[in-house]
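A.B. asks: Here's the letter readout for the chains.
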Amino acid sequence: DAGVIQSPRHEVTEMGQEVTLRCKPISGHDYLFWYRQTMMRGLELLIYFNNNVPIDDSGMPEDRFSAKMPNASFSTLKIQPSEPRDSAVYFCASSTPGTSGSSYNEQFFGPGTRLTVL
Amino acid sequence: TQLLEQSPQFLSIQEGENLTVYCNSSSVFSSLQWYRQEPGEGPVLLVTVVTGGEVKKLKRLTFQFGDARKDSSLHITAAQPGDTGLYLCAGALARGSARQLTFGSGTQLTVLP
Chain A
1 DAGVIQSPRH
11 EVTEMGQEVT
21 LRCKPISGHD
31 YLFWYRQTMM
41 RGLELLIYFN
51 NNVPIDDSGM
61 PEDRFSAKMP
71 NASFSTLKIQ
81 PSEPRDSAVY
91 FCASSTPGTS
101 GSSYNEQFFG
111 PGTRLTVL
Chain B
1001 TQLLEQSPQF
1011 LSIQEGENLT
1021 VYCNSSSVFS
1031 SLQWYRQEPG
1041 EGPVLLVTVV
1051 TGGEVKKLKR
1061 LTFQFGDARK
1071 DSSLHITAAQ
1081 PGDTGLYLCA
1091 GALARGSARQ
1101 LTFGSGTQLT
1111 VLP
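Residue numbers (this note's numbering), protein chains in the order written: chain A, 1 to 118; chain B, 1001 to 1113.
Chain A extracted, bound-state conformation (with noise of 0.2 Å):
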């Protein structure tokens, strides 16, 4: 297996301009994260959806952002219009929904897109 799949794997940008990241989960996972990392934040969970329907956003910081998951295979993550504080690297990562009878789950982080806004 590939792995979690991220593209671009750095994206440079003007303020102002839309922004769209895009990940691949790993087959057969049904659950899919959407993180920002800084060195101010840390590790931040923007939104997360289970069997392609968004179940929790209220990490994403403002309505200039997005998400979007069309099906089981693809989801992005669009920022419009960026902003220089929209600078970091995100994140996405996958999971299974765990063993039977366990509540906890192992998330695979893809390798990250370092966005910069000029």
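One should not assume that every hint holds.
[Claimed, not checked] When the alpha-carbon atoms are kept at most 20 Å apart in a straight line, the in silico SDA-like pairs for lysine to any residue are as follows: (1) B/Lys1057 - B/Tyr1022; (2) A/Lys68 - B/Arg1099; (3) B/Lys1056 - A/Glu106; (4) A/Lys68 - B/Gln1100; (5) B/Lys1070 - B/Val1028; (6) A/Lys24 - A/Ala72; (7) A/Lys68 - A/Met39; (8) A/Lys24 - B/Val1044; (9) A/Lys24 - B/Glu1041; (10) A/Lys24 - B/Arg1099; (11) A/Lys78 - A/Arg9; (12) B/Lys1057 - A/Glu106; (13) A/Lys24 - B/Gly1040.
Quick caveat, the hints were computed from the structure, so don't treat them as lab data.
Given chain A's structure and the hints, the job is docking chain B onto it.
C.D. replies: Below, chain B alone, put in the same frame as chain A:
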């Protein structure tokens, strides 16, 4: 304020030394995980602990979950340069979704040869 506080934030030690990283909270967790992250990569799971007082060992790494399930520690014996990385604890709140993890602020460990 972070829900999960990790200490220390930075740790630089010589090869062969022992070290302990702490992860503390005032909240109760149904499970707690430890991840390691290397530069340019995403975090990778090391271990999951679910029972208060549980101790798990992974070669030279020993993980402990507090009795009250509010804290955890990671102890590394005879650290090696390959242990260098960012160590993150992550918990699933007992009163929240089991799928949603809250990550600690991280401990950046550097092991010098």
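A.B. asks: Holds or violated: A/Lys68 with A/Met39, Cα cutoff 20 Å?
C.D. replies: violated, 26 Å
A.B. asks: When you check the alpha-carbon spacing of A/Lys24 and B/Arg1099, does it fall within 20 Å?
C.D. replies: holds, 19 Å
A.B. asks: Between the alpha carbons of B/Lys1070 and B/Val1028, is the straight-line distance 20 Å or under?
C.D. replies: Given that 20 Å is the threshold and the Cα spacing comes to 5 Å, the pair holds.
A.B. asks: Just to be careful, I want the Cα atoms of A/Lys24 and B/Val1044 compared with a cutoff of 20 Å; is the pair within it?
C.D. replies: holds, 17 Å
A.B. asks: Holds or violated: A/Lys24 with B/Gly1040, Cα cutoff 20 Å?
C.D. replies: This hinted pair holds, its Cα atoms lying about 18 Å apart.
A.B. asks: Could you grab the alpha-carbon distance between A/Lys24 and B/Glu1041 and see if it respects the 20 Å cut-off?
C.D. replies: holds, 16 Å
A.B. asks: If you draw a straight line from the CA of A/Lys24 to the CA of A/Ala72, is it 20 Å or shorter?
C.D. replies: holds, 9 Å
A.B. asks: Between A/Lys68 and B/Gln1100, does the CA-CA distance stay at or below 20 Å?
C.D. replies: It holds: about 18 Å lies between the C-alpha atoms, which stays within 20 Å.
A.B. asks: Does A/Glu106 sit within 20 Å of B/Lys1057, going by the straight-line distance between their CA atoms?
C.D. replies: holds, 17 Å
A.B. asks: Under the criterion that the straight-line Cα-Cα distance not exceed 20 Å, is the pair A/Lys78, A/Arg9 satisfied?
C.D. replies: Between A/Lys78 and A/Arg9 the Cα gap is close to 15 Å, so the pair holds against 20 Å.
A.B. asks: Given the hint that B/Lys1056 pairs with A/Glu106, does the C-alpha gap stay at or below 20 Å?
C.D. replies: Answer holds: B/Lys1056 to A/Glu106 is near 16 Å, not above 20 Å.
A.B. asks: Under the criterion that the straight-line Cα-Cα distance not exceed 20 Å, is the pair B/Lys1057, B/Tyr1022 satisfied?
C.D. replies: holds, 16 Å
Hint 7 from the list above is the single one not met by this structure.
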